[in-house]
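S.K.: The lines below spell out each chain.
There are 2 protein chains.
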Amino acid sequence: MYLEQINQPSDVRKLNKEQRTELAAEMRQALLEKLSKHGGHFGPNFGMVEATIALHYVFDSPTDKMVYDISHQSYCHKMLTGRKDAFLYEENYDDVTGFSNQNESEHDFFILGHTSTSVSLACGLAKARDLKSEKENIIAIIGDGSLSGGEALEGLDFAPELESNLIIVVNDNDMSIAENHGGLYRNLKQLRDSNGTTECNLFKAMGLDYLFVKDGNDTEQLIEAFEKAKDINHPIVVHINTQKGKGYLPAEKDRENWHYSGPFEIETGKSVYSSNRENYSDMTAEFLMEKMKEDKTLVAISSGTPTVLGFTADKRKEVGSQFVDVGIAEEHAVALASGIAAGGGNPVYGVYSTFLQRTYDQLSQDLCINNNPATIVNFAASVYGMTDVTHLGFFDIPMISNIPNLVYLAPTTKEEYIAMLDWSITQKEHPVAIRVPGGGVISGGESITRDYGNLNQYEVAQKGKKAAIVALGTFYSLGKEVASEIAEKTGVQPTLINPLYITGIDEKLLEELKAEHEVVITIEDGILDGGFGEKITRFYGASDVKVINYGFKKEFLDRYDVKEVLHKNRMTKEQIVEDILDIIGN
Amino acid sequence: MYLEQINQPSDVRKLNKEQRTELAAEMRQALLEKLSKHGGHFGPNFGMVEATIALHYVFDSPTDKMVYDISHQSYCHKMLTGRKDAFLYEENYDDVTGFSNQNESEHDFFILGHTSTSVSLACGLAKARDLKSEKENIIAIIGDGSLSGGEALEGLDFAPELESNLIIVVNDNDMSIAENHGGLYRNLKQLRDSNGTTECNLFKAMGLDYLFVKDGNDTEQLIEAFEKAKDINHPIVVHINTQKGKGYLPAEKDRENWHYSGPFEIETGKSVYSSNRENYSDMTAEFLMEKMKEDKTLVAISSGTPTVLGFTADKRKEVGSQFVDVGIAEEHAVALASGIAAGGGNPVYGVYSTFLQRTYDQLSQDLCINNNPATIVNFAASVYGMTDVTHLGFFDIPMISNIPNLVYLAPTTKEEYIAMLDWSITQKEHPVAIRVPGGGVISGGESITRDYGNLNQYEVAQKGKKAAIVALGTFYSLGKEVASEIAEKTGVQPTLINPLYITGIDEKLLEELKAEHEVVITIEDGILDGGFGEKITRFYGASDVKVINYGFKKEFLDRYDVKEVLHKNRMTKEQIVEDILDIIGN
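Chains as they are written, first to last, in full-length UniProt numbering: chain R, 1 to 586; chain E, 1 to 586.
A hint or two may mislead.
Copies of the same chain look alike in the list, so a pair counts if it works inside one copy or between any two.
[To be verified] Calculated pairs, BS3-like style, for lysine-lysine (alpha carbon to alpha carbon, straight line, at most 30 Å):
(1) K514 x K465
(2) K508 x K573
(3) K132 x K466
(4) K553 x K514
(5) K489 x K465
(6) K568 x K480
(7) K428 x K553
(8) K132 x K296
(9) K514 x K466
(10) K230 x K135
No wet-lab data here; the hints were simulated from the structure.
Only chain R is shown next, with the shape it has when bound in the complex:
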């Protein structure tokens, strides 16, 4: 087995043509076995086996530096740079993360997991090299799906300004997560169809030199192209035509569903775990599709992740022009939503919290200054969301809730979520964002109809005294448990509040609490700094009421255990009860 003998990239250079072919087969087999047990990004890596071999055959990593966009195509790179064990042996599977990581290997230069950043980061490495008068090759590897992101396009436009070595490998498998969207993909197709010869060429129009590789899964063609690009004295794009999921039939056939895969049976490709669990994505699509029948201006928007809103391929087809996937282009998505609302349409943009980070300025300028009634549904904004450091979703409250005019709502149950969504797409007064609760779907039992236009009126679930518990969104049920425990331990019922609104405080209610409460506590599913609880604390700053805020420390967590995070932030029921009793006594 050749893969077992690859301890560093120079070992790849010892192989001859036949051995390289064998190595590719071994890498695919290792990927297949690991991913069948462990899950991971499937399609992109299966397409990049040969290109990664060719890159390490031609270039001298880590002197020559490779930056893999978003990292979804970096598993093969990891295999060839001293990390093969994490793909060969089950006990080592978790030795590596799913992302590039400079702390893991000297062959990685950044921790990265958002799309469209590689060209700009590589430009930085190239500029540093030039300032230091050094000579190594800098290589960015970016998938076609990532090209539509503003940061990538800014990077491509800037690259020619360097006037020095920079090699941008465009891994074109003709797919984003789902199908691509955007005019530039027509140009990529023209380039593929013409063997790279079409005169009208996006990359050349951006000022870049250009090379095309017809079969991006042919190691020898790739080596030839990379040899040409090596040590070049200006930026060049090497456009390689690869096949997503190459070498595994189910993945070749259904490229959208095999972009990422959970554990599966190798023989059939069937998922090991089947989940019919109720979830907010499906619920959202179902609700919106019903409403779309009555309101022809209602339009769902996605930025490259259509299923976050529950819009699977069949549902997209069903609603036709009432669903828009803008491709990976979050900034555009928010501005588009604002424009649609300004034009009298009814837009709902669904997005993962970690990617909404791309849109602070669009939320502020395009949307909120104009006060346009668009709806944003923010998914995985929770400690129960994605746990990789590059995909954390719990920084959203400080980021977006402090933008004026925005109404940011925190439902606690599925009924409340639907009621808020229903209100939002009906009203015409405010830009609204809704924070989908984390953890499993909780039902409150009864359906809710409420006009949330009476801003910042919190809901008092239970009037009590001494302690008041203001429990936001996800952690409302925790707040409820704390309240019961306090009642049980002290014989005095505390007040329990569902604040509903993240973006404002209910001054009247908070003022009233002063009379019979010694302590107010807040619990939120986000970092404390700049968050919801601090607003309550500020309100009581000059009063005698004591306030304790529960939330997370401001820090980048990585692949964490939720229970541990809650415990270390004193957010278990027991810890909170203890703190409250410390103040109000038993």
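Starting from the known structure of chain R, fit chain E onto it as the hints suggest.
M.R.: Relative to the frame of chain R, chain E by itself:
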């Protein structure tokens, strides 16, 4: 005079060719007179006179809808849409803002003032039109300088997906504020030089139809082109070659300095007010240029506003490759800086606070997760900054200071600013941002050397008791005045603290204050929600110490008076003293 008779766009359509020529001359004269007295965006508007006449001649606003990117080229549009008085009569000059504004006229559809948004917003109007099965023309007007912004590129890429009418007028005057930077500008030049016939065409490569107008200051050529584009059933770019500053010799000759102009003498073009006031921009360039001599990896970065860092054309020339203007591409600027730092270079990115809003995700993902030692200098992050609603700079603290790993510093004097900048470019541990103080430059008298690497150690300027005043950045001097007044009125010296760090609290110091202080107040030059003061308040939440936070209400202000804003937020010395005395007694 024809301009006097233009009360609505339909009045433009009554004019014949000669009359249109006369109208253009009158519009230039009116612009010249107003801007000579009032100041404003000069170059872009002088170049757009004929195109605006042609647009309103061909299209039927407001049924047909025009969106002017960034609004710097919208003055002529205002003149022809019922707002001529604001350009003809001095007493009416302030009747209009410098920006598009739907509250000002039915011919405007958005309040906008950041670059690169028009295409996406227009896509939204077009999508809403399509959903409503209507037929009007949607027109985006965007300058060449704005094309390099990620949001604009995302919009151009998405536009073809509409498959319906959208007209994108690219106003190409071959200039951003300063010269353009980016490979796409080479393509624009090829297109201009070939009369639009070059096969390799950025817009076509994005999937857009294309028309070229050789002389974008010839109304008749423009009318012909717009007539062709009118009612077209797919997105098209009309690329018009205009002359920035056209018709006023000083502006034609020095296009960078005449992009925007303060009041000037019409005969000579000389500025009416000459300012030799000390300022942070010049100070920064001077300091960096000195350091660049010793450190060849030190590189200053700008995103289209080079003079914010003090780098005028001559200084840019002097430092050569140690200055990089990435064009309008803030996201790229932050990622580039992170890449340079990762590669061992020493980047300093200077930016206006309002534009740093573009980079939340890049700050978080590209920079702070990687903990790379880049320096960001944030200008006009103050109530004393720009006062237009689209250019407010005082939302930065909630936005960026709650990102982990970032060290955000708030100097109070020029000596402190330089000491912080000096420390930042020397250290290799942290990404650092420095918040340039607002208002005039204040000197503390003596130069400072300090290792700011001991994070979150506040400076106690004066130990006292009963009240402690934590006064951040710009408002340190206000805090000092408050302290004096309290001492005078009560005979007891309060404690005065310069916190220096926005991103963390000095827990040890705050703990010590508990012993002899009844009240702690914080003063910051930013909104209260999610800001600095709330962190202090949270610290004291469960203690007996009372806290009052001073800062601004979360709201979009527009063209405000600073004194009024401070007064209504209870931020005058008198108000703060009154509040403190209420708690500690006289």
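S.K.: Could you run down the list of hints and mark each one as holding or not?
M.R.: Results of checking the hints against the structure:
1. K514 x K465: Close inside one copy (10 Å) and across copies (28 Å); limit 30 Å.
2. K508 x K573: both (28 Å within a copy, 28 Å between copies)
3. K132 x K466: Neither: 65 Å inside a chain and 55 Å across chains, both beyond 30 Å.
4. K553 x K514: So K553 and K514 pass the 30 Å test inside a copy (28 Å) and across (23 Å) alike.
5. K489 x K465: Answer is within: at 14 Å inside a copy they meet the 30 Å cutoff, but 40 Å across does not.
6. K568 x K480: Only inside one copy: K568 and K480 sit 21 Å apart there, 39 Å across copies, limit 30 Å.
7. K428 x K553: Between copies, since 24 Å is at most 30 Å while 37 Å is not.
8. K132 x K296: Between copies, since 7 Å is at most 30 Å while 59 Å is not.
9. K514 x K466: So K514 and K466 pass the 30 Å test inside a copy (9 Å) and across (24 Å) alike.
10. K230 x K135: within (11 Å within a copy, 52 Å between copies)
Consistency with the previously given hints fails for number 3 only.
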